[in-house]
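S.K.: I would like the entire structure built from these sequences, with the hints used as guidance.
Protein sequence lines, in the order shown, are assigned to chains A and B.
With the numbering used here applied, the first sequence closes on residue 206, and no number is skipped along the way.
With the numbering used here applied, the second sequence closes on residue 752, and no number is skipped along the way.
Please note that the accuracy of each hint is not assured.
The calculated label-pair distances, taken between Cβ atoms and stated as ranges, are [said to hold, decoys possible]: (1) A:10 x B:520: 49 to 57 angstroms; (2) A:14 x B:496: 57 to 65 angstroms; (3) A:9 x B:311: 40 to 48 angstroms; (4) A:48 x B:737: 52 to 60 angstroms.
Simulated from the structure, these hints should not be mistaken for laboratory data.
Even glycine gets a Cβ: it sits at the ideal position worked out from N, Cα and C.
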Amino acid sequence: MTEVLPEFLPRFVAALGVNVGIAAAAVACGLLVGLPLAAARLLPGWAGRTASALVALLRSAPTFVVMFFLLNALPRGIALGPWQLAMTPWLSVVLSLAIYATAYVCDNALEAAQQWRRGSRLAAMLFPMGLVRAFFVMVLSSGFGAAVGVIEATTVTLRQLEALDGTGARLALMALVVAMFVLLFQGVYALIERLRRRLVARMAGA
Amino acid sequence: MPEPGRRCGRAARRAAAGAAMALATLLAAAQPRVAPAAAGSSACAAPADALARVRCGGELRVGVRNDYPPFAARDGDTPVGFEIDLARALAAGLGVRPVFSTVTPANRIATVGEGRVDLVLATMGHTVARDGEARFVRPHYYQSRTVVVGDRRRAITAMAGVAGQTVCVTVGNNTNAELAERGARLMLFANVQQLVDQLESGACSLAAQDDSLFAFHFLRPAFAARHDVKFGFSPLPWGMAVRSEDGAALAEALGHTLRGLHADGTLLRLARAHGVDTAFLEREQARWSAPPCLDEAALADPRCVAAPHDNRLQPTPFAAEVARFEAWVKARWDVEMTLAMLKTRIALDLFLQGIVFSLLLVAGAVLATVGTSLAFAAGLGASSRWLRWPLRLLLMTAQSTPLVLLMLFAGLLASAWGASSALTALATAIVVLGLFNGSNGGQAIAEARAALRRAGAPAGLRDGVMHARAQLAAFVVNATRGSPAASIIGVPELLSAQTDIASFSAERTTTFTLLLLFYMAVVSVVVALGQRWQARLAEADTGGAP
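M.R.: Pasting the structure below:
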């Protein structure tokens, strides 16, 4: 198994960049749609109710199925004003995660806004922290792209596994990949937690 | 991607064209069967049928493709390829000149049916279904088969090897049904170019398509170095066709010429010159060079002429009613809807199985998430570090690994232990979904218990659940939402079933819309049940006070 690592590891790292790109695009879309939706939910009457219903609908859509739906049920080319959008596997993953991101941003921005109104600045300040954590969760979820042909970290791992002889070598490579994910993401989570504690301490001091 | 037609060896094409020209001259000189009607003669004032029209006009209008090397492509403005040279030889046999028009797979039958061409010779499989749409010239001039092509490092040699493997296919191929039945997980692509691109980029490691398509790609050294043909199945005879209404005599005349081209080895030489597979043509040459196929009546003899390929899927008993319902919806609301899953037996079986597996999967995932949450909550709060630390390690793994990768890891472990059935895959997926979500749910309960303990309140497992009920419900919903990912390890749930159905029915919009609605409904039900459960707990917590 070790003999494939010099070729595999650089490809894996490059593919992980694709996952990060997908998550970044999804979070950007989520902010773009989720923040106005959160603002709409603060409104009284039908506007607030409509926004709430829309977010409930978004929450009920399973990302994995939405990805297949976007790729297969929609026309391949979608005209958005002057732009012609081609529904590629990459875009279908981005948009399906963007639906999740929109619901997340909307729910948490609304909560932050309400906390801010109540005077709890700390709870409101934790919104960006939560968003960073959600971003990394989406980096992991972008592995769904392997099912529709996006070449990201899971796809690269899969192709390498298929090329290996013997279950032992495959399990060893899989364990290595899982270990890399654990080290990387636990490091990131620890960093986020540290920042959160520092923020809490600073706000408490203030 | 460079223009494929330009990659064909020009020298080979010139050699083939030269061979065809020489052959045409020979055939024109030797053609005794039907005396040509002189243009301007009384017979030509009102030609009786397609053959008379061709002879009177002095030209055979042939519909050919321009994008399928080495069979038919363009070299500048000039059509080139095996089928082009065959058309030239056939026209020469009739003593007329060929005039080429471009057709596509989508319009080729309509083009000949509407009389815009006399003959369509365009990589067309002769099937029972198409027999009713055009008159096919016998004998067949080529035979393709569906091949599974993949990375050379993959050791798959027979259909049995595709079970549980991801195979990339283009939508609308009936042979996809066979792959789905054998347990392959199909990844769909809209067209052949996408399929080849995905194969070359490494996104697909196996792809199934007609071998005539891959023939061109295997001429490219880079492609041939990385890929090979694993196995072939479902042979499909290729036929050229004329119009049903008035094409009988033309089909017969072309048939006589064609059998001569088989018998004297001309077709075989053309195939070799263009790099086309010759296995079928070698068999045909032997067949048409010996009794009983030497006889004039051989074109009607089943020992000489192969039957069309029957690729029709068995309809359900209520397929006609479904079609009427679709027409009614179209007429009533102007909505195009195709319920492919209800029209053929195989689709219906896949659909029903998909629903059952999806419901089992969701129910299992919900129970596993709750059970794992409780187990983790108890374990993470245990006094023994031998219990706490392994669970923390598992928790970290679940929090840091893509769900798909965890599924595949578990699937690999299961298959290493020799478990490879659909039920095993289902059980594996339930365990993974339970671990993935339940570990987080357990952490939430454990943290709630710790907070209660710090506050000096009762901190039993039940108290923890009571305080972390919203998070627990959220992770249960998350498990439901993530359940379709189980399709990646071969659980035949509804996503997997609908993908298979779309692969051979070519209908995707209704199929995937229904799939999305189904899963959204299931998630909504789980959300509603979760809310009801939380409300009950809240009621118990407050002792029934509002």
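S.K.: Among the hints numbered above, which are violated by the structure, and what are their numbers in rising order?
M.R.: Hint check: 4 fails alone, others pass.
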